Amino acid sequence: MQTLKINWQPDKAATTPIYQQITNYFQRQITRGDWPVGAKLPSQRHLAEVFAVNRSTLITALDELIAVGLITSNPGSGMVVSGNHWSSLLAEHVNWSQYVKAGQFKPNSHALQKINQFETDAVIRLSTGEPAPEQFPQALFQKAFDHLGHNLTSLNYTEPAGILALREQIARHLLKVGIHTQPENILITSGSLQALQLVSMSLFPTNATIYTEAPTYVKSLHVFQSAQTHLTGIPMDSQGLAYWQMTPPAKDEHAIIYSIPTFNNPTGIVMSAERRQQTLQYAQEHRLPILEDAAYQDVWFNQQPPQPLKALDTTGNVIYFGSISKSLAPGLRIGWTVAAKPVIDRLTDVRMQTDYGASSLSQLVLAEILADPEYDTYQAHFRTVLAKKAAAAQAILHRYWDDFATWQAPTGGFYLWVRLDDAINIPKLFDLATAQNVLFNPGSIYDFQPNQYIRLSFSYESSARFEQGIQILTNLIHEHFNV
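Here the sequence shown stands for residues 1 to 483, where the numbers follow full-length UniProt numbering.
There may be inaccurate statements among the hints.
Claimed, not checked - Calculated pairs, SDA-like style, for lysine to any residue (alpha carbon to alpha carbon, straight line, at most 20 Å):
(1) Lys12 / Ala67
(2) Lys388 / Asp403
(3) Lys341 / Pro160
(4) Lys341 / Val483
(5) Lys176 / Thr384
Said to hold, decoys possible - Quick list of simulated restraints, FRET-style, between CB atoms:
(6) Glu479 / Gln281: 18 to 26 Å
(7) Phe145 / Gln471: 25 to 33 Å
(8) Ala250 / Pro330: 38 to 46 Å
(9) Thr314 / Ala392: 38 to 46 Å
Treat the hints as calculated values from the structure; they're not laboratory data.
Since the model is a prediction, treat every value here as computed from it, not as a measurement.
Here a beta-carbon is modelled for each residue, glycine too, at the ideal position from N, C-alpha and C.
Using the sequences plus the hints, can you model the full thing?
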């Protein structure tokens with residue numbers, strides 16, 4: 001590629017330091033797409049002459065640009081533009097601490113507060129997105145504990161990014177879905193929710209637009225909104241996110257895609273392989289970094305879903321969130337983030353200023369379990385049981401609800417996304433049901449406008465308890481609504 005021609009010079013009368021003006025200029029050119037990835041930069045000597053600055057000032061700016069991943073210096077071949085869209089956001093030096101201190105979290109909705117308060121063993125929990133207690137692999141954990149008991153020497157703080165042995169096992173685990181990464185590109189978090197918080201605190205520019213599927217899990221959270229961003233829902237079809245309905249950001253605006261392409265929560269939709277390639281290409285063309293939430297990546301029934309967006313990402317434009325909460329044990333509170341190293345370094349620094357890392361005991365236990373050959377056997381059994389529970393739940397709904405409800409058969413995940421007849425007032429049904437100790441999730445908590453959907457979990461309760469809950473809901477529907 002031909003060497004870039006540069007005619008700009010810093011303003012030596014400005015109050016902004018010259019080195020910062022240079023980094024800002026590079027960042028603008030790359031963010032706008034004026035300098036494409038792979039473009040060759042002039043030599044340091046030539047840049048110093050063009051900018052009319054001394055070499056030390058230039059090197060200060062270049063070192064900062066290299067640190068955030070916007071440019072790469074290759075011995076023998078000079079400097080090239082290497083920045084992806086996350087690197088551009090890193091270069092903005094977002095003041096993450098304002099989000100930690102400002103107390104900007106908004107209260108949950110009435111329905112969510114009630115769900116959080118009422119999820120107890122006394123309630124039939126058709127709302128709970130967790131594995132059933134009886135699916136807990138006690139033998140795997142006992143084996144891990146026995147081994148650790150003989151070898152445990154301390155439970156001190158871990159390495160900032162997480163225990164190396166666990167990051168190595170996660171890198172190996174991710175190879176199964178086509179993600180080739182290294183431990184230094186992985187950050188261990190206290191579940192994937194902490195990863196969302198870290199990214200929103202440290203990478204989101206103020207007033208950025210977050211494009212996400214409508215409906216989506218993150219709509220039920222205020223983590224993004226509390227970071228002073230704007231959620232914009234994009235419709236889905238049977239193939240996933242309708243990316244062409246996004247409005248590309250203007251050159252001076254920032255936008256980010258948040259997606260759950262594999263078993264979208266709450267709908268269960270799986271983005272097709274073709275749509276994943278198209279979405280990645282669209283994002284690259286329009287300078288849109290991507291957050292890929294893969295909480296349900298391993299929770300498939302009969303056919304493994306297409307490779308994650310991260311597996312197809314060649315430029316570092318995708319940040320990938322994984323978790324053990326859905327496929328093993330949410331109480332371990334272990335998730336992971338996979339990203340370019342400058343991004344991981346920034347997130348690690350922020351996390352170390354908010355806590356000192358995920359539980360070292362949980363990390364050690366998970367490293368043992370992932371290294372155990374029996375883990376794959378457990379996973380296969382887990383998926384078989386879950387598929388049977390999904391089939392049983394649908395049979396129950398056909399028995400009771402065929403006259404006033406429709407849904408699509410899930411191919412993975414934990415949920416049925418059920419549309420109820422228009423005559424059924426869902427907020428009223430929710431309150432009536434909680435009074436009868438039955439919990440479900442109203443669809444409106446996931447959407448950008450009211451809808452006639454509810455999310456029913458078949459993962460947590462036994463099929464008998466699921467049917468008991470549906471019987472109670474059926475009686476309430478017939479008693480209070482004209483269906």
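Here is how each hint holds up against the structure:
1. Lys12 / Ala67: Distance of about 25 Å is beyond 20 Å: violated.
2. Lys388 / Asp403: Given that 20 Å is the threshold and the Cα spacing comes to 24 Å, the pair is violated.
3. Lys341 / Pro160: This hinted pair holds, its Cα atoms lying about 14 Å apart.
4. Lys341 / Val483: violated (56 Å)
5. Lys176 / Thr384: holds (19 Å)
6. Glu479 / Gln281: 18 to 26 Å: violated (52 Å)
7. Phe145 / Gln471: 25 to 33 Å: With a Cβ separation near 40 Å, Phe145 and Gln471 fall outside 25 to 33 Å, so the hint is violated.
8. Ala250 / Pro330: 38 to 46 Å: holds (41 Å)
9. Thr314 / Ala392: 38 to 46 Å: holds (42 Å)
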